[in-house]
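Q: So the protein lines, in turn, are chains Z and E. Counting in our numbering, the first sequence runs from 1 upward without gaps. Counting in our numbering, the second sequence runs from 1 upward without gaps.
Among the hints, a few may not be true.
[Stated by the list, open to error] Derived SDA-like pairs (lysine to any residue); straight-line CA-CA distance at most 25 Å:
{"hint": "1", "chain 1": "Z", "residue 1": "Lys493", "chain 2": "Z", "residue 2": "Asn468"}
{"hint": "2", "chain 1": "Z", "residue 1": "Lys45", "chain 2": "Z", "residue 2": "Cys78"}
{"hint": "3", "chain 1": "Z", "residue 1": "Lys515", "chain 2": "E", "residue 2": "Pro37"}
{"hint": "4", "chain 1": "Z", "residue 1": "Lys526", "chain 2": "E", "residue 2": "Asp74"}
{"hint": "5", "chain 1": "E", "residue 1": "Lys94", "chain 2": "Z", "residue 2": "Glu510"}
Worth flagging that the hints you see were computed from the coordinates, not collected in a lab. Just so it is clear, the structure is predicted and the values come from calculations on it, not from any experiment.
Here are the chains, one letter per residue:
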Amino acid sequence: MNKGKNLIRLAGVFAVFTIIIYGTSPYGAGQIVKDSSRIRADLIKIDTMAAFGRLEKPPVVFLHDAHTEALAKKNLDCTACHLTEKDQIFPKFKRIKDIDRIAVMNIYHTECIACHGEMKVAREKAGPVECDGCHRAESQYASSRQPMGFDISLHSRHSEAQEKKCERCHHEYDEKEKKLFYAKEKEGTCRYCHKAETKDNVISIRLASHIACINCHSKTLAKKLASGPVTCSGCHDLAAQQKIKKISPIPRMERKQPDIVLIKSAPKDAVMDADMENQNRMKFVPFDHQAHENYNDTCRVCHHETLKPCNQCHALAGTEEGKGVNLENAMHQAGAAESCLGCHETQKGAENCAGCHAPMGKISKRKDDLCQKCHMMPVSETEKVLNSDAENLLAAEMLKSRKSVIGTYPEKDIPEKVVIKHLSKDYEPVDFPHRKIVHALMDKIKNNKLAGYFHSDEGTICKGCHHNSPVSKKPPQCGSCHGKAFDENNPLKPGIIGAYHQQCMGCHQEMGIEKPAGCTDCHKKK
Amino acid sequence: MSISRRKFLGWIGAAGLGSALGKSAFAAGSKHFEGHPGSLGILHDITQCVGCRSCEAACARENALPVPDKPFKDLSVLEEKRRTTAADYTVVNKYEVPGRKAPLFVKKQCNHCLEPACASVCFVRAFKKTETGAVTYDASVCVGCRYCMVACPFEIPTYEYDEALSPRVMKCTMCYPRIMRGEIPACVEACPKEALTFGKREDLINIARERIRQYPDRYIDHIYGETEMGGTSWLYLSSVPFKEVGMREDLGVTPAPELTSGALSAVPVVVGLWPVLLMGLFAISKRKEIVFREELESVKKAAQPPIKEDI
């Protein structure tokens, strides 16, 4: 009898144990959103109450497109939820601004739940009406929103559509009169004033772009004309962004911007006194602004704060306006996309360039005469008062005089084949197709103006492989410098075999060259 | 014999006092062994390895290991992740990392830790950390307990289970005979890409740092093995986080012997002090009982009526 009772007790404990372990899901474990329909670009996190203090309930994940679709089915538009005043639509839900905590909460609760309730009564698919239907601790949705912006192609399409009437979108703000006005030839990107967060009465770029763009798009749609999107996913979905038509060639923006400029150390119309003349130790730089306009998707890459010239804020010595970044840093800072050199360094990472440039490392000793490639215009040849027109003509002349063609030695001086027979214990010597490789490298960069200009001297391209030695028609062979491996005196220099393999295989890998592969493609086994 | 509550509490209190009085188990916790000066090591640059398996071939040749089923030229074995075996001191594994078009290859072998776990657990001193940096194995004293296989955090030592009469523990020797002759390990010599660099450990760390400095986009800013498990003689550089190429990142910087030295050093204290203390207490409490009984005897005797003598 006892045994039976014990068995029942044991079974009971076991059952409770099993239920607890397997029946309940782990608390707080993040649910992996696997279903692709739950990854959407229109997620808005409603946490307005956070501005008023600590949140009592989790923020609400709101699906904007789902609501616009549902309302469209009932022939309702944005005004169903958004208030308008004199043609101006307000982005907040059924209110113009947040007054206080209770009022905002009530607006959300009464309006949302009322509408959901009505639809439920009408037996339509509707959102939740209970608290944790909206205020979920773990959302089942994940946002796939991509940031959206204008590039020069999209801008060009818009200006065409607006009949080149810039005033329809571009405005400035008059502090005294407290109103917006249009300033011709002062147009810039919205982001120069509208930053990431709303500050005082300058609304954030998010609000500004939604109000401006969606308003105009919906009006155009109402006229039954082709227009941009009005839904969240229309702009913010990756697939939709990739479908945006890109025009080519992109017509040049008409803002009276210069074609060719002379980059000087002081802004235009500054009077050059003796002091300033003394400070200019480097020659001025002629710059092809027109060509550079198309090298980036937006003007903001270089003109990151304003469309004015760089030296307006970045003086020779740092200024507060330029956030302490002096002119040298602004022009030469490696790693900064806004600087000349920074952008050029990034170009060197392209696949066609990486074979030679990737092994060169970040900290390369820059030759002094490399400066002369850009700094061409002696200061003495410029006017005392920095007069842009005459100087820009001079700059244009200098630019024309540059040759942007890759220079190399005559054919007969480039060996056709080089036989590499160092230490070949297991493999036959390598018949290295030297000339073919030189031609292949030149072929890859022949259409690139930047590459052409910097490789215009004869021996420059040879230095991709014949490195750490002076430029010459007969540069040192690899075996002249690379010998024994693991030499304590030269810890960073590979031995001859390592040097060959790292250089050859490294270049092939960086440039995505599939063949030759394996060992015997280059040297046969003995 | 039943024990009174008072006695019981007394013994527990004594035991507690005894353990509190024992020296706290420290065993040289403030010392940090950086390796014998001038000890050697190997720097493995994962970005350079192409998975040609020349190192595996050279190692098998040098150590007279049995010929494998698939020749070393056969690169299809890289499709599976392999471990060191009794016939392979070293293996190369292939890792496809998402976001990178070319796969990464990593060579795996004994890391010759500065303070090896295997040497620490071996109670017959079969493993020795030599001054060259290599951790060598003496098969003649090994008893085959395989504690070393349990202890190694990298799971490297393997065992010749198929050998009936004298099985050995098998692991990379850093080509100890060769480095004693002044040569370099066979795998390092064989690597065509110089993905393996041989030299003094301190020099290798400087070389690794210099490579990271010169190519910051190419390398993760960490030398694996510099501090892992108190430091190893094999150092690794990688372009992706190390756990994506099968290397444990959860090992910490405490050397394996230090993890156990605390508990082990407490054993003599406990074995030496506690019996003496507890026996002493027992003797004291027993003594009281003896005295009590003696007194009882004497009282009883005194209470007895005097023996009547016949006159």
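Q: Give a verdict on every hint.
A: Hints, verified against the model:
1. Restraint check: the Cα-Cα separation between Lys493(Z) and Asn468(Z) comes to about 11 Å, which is no more than 25 Å; the hinted pair holds.
2. For the proposed pair Lys45(Z) and Cys78(Z), the alpha carbon gap of about 19 Å is at most 25 Å, so the pair holds.
3. In summary, the hint linking Lys515(Z) to Pro37(E) is not supported, as the alpha carbons are separated by about 45 Å, beyond the 25 Å threshold.
4. Under the criterion of a C-alpha separation no larger than 25 Å, the hint pairing Lys526(Z) with Asp74(E) is consistent with the structure, at around 18 Å.
5. Proximity of Lys94(E) to Glu510(Z) is assessed by CA-CA distance (about 19 Å); at most 25 Å being required, the pair is judged to hold.
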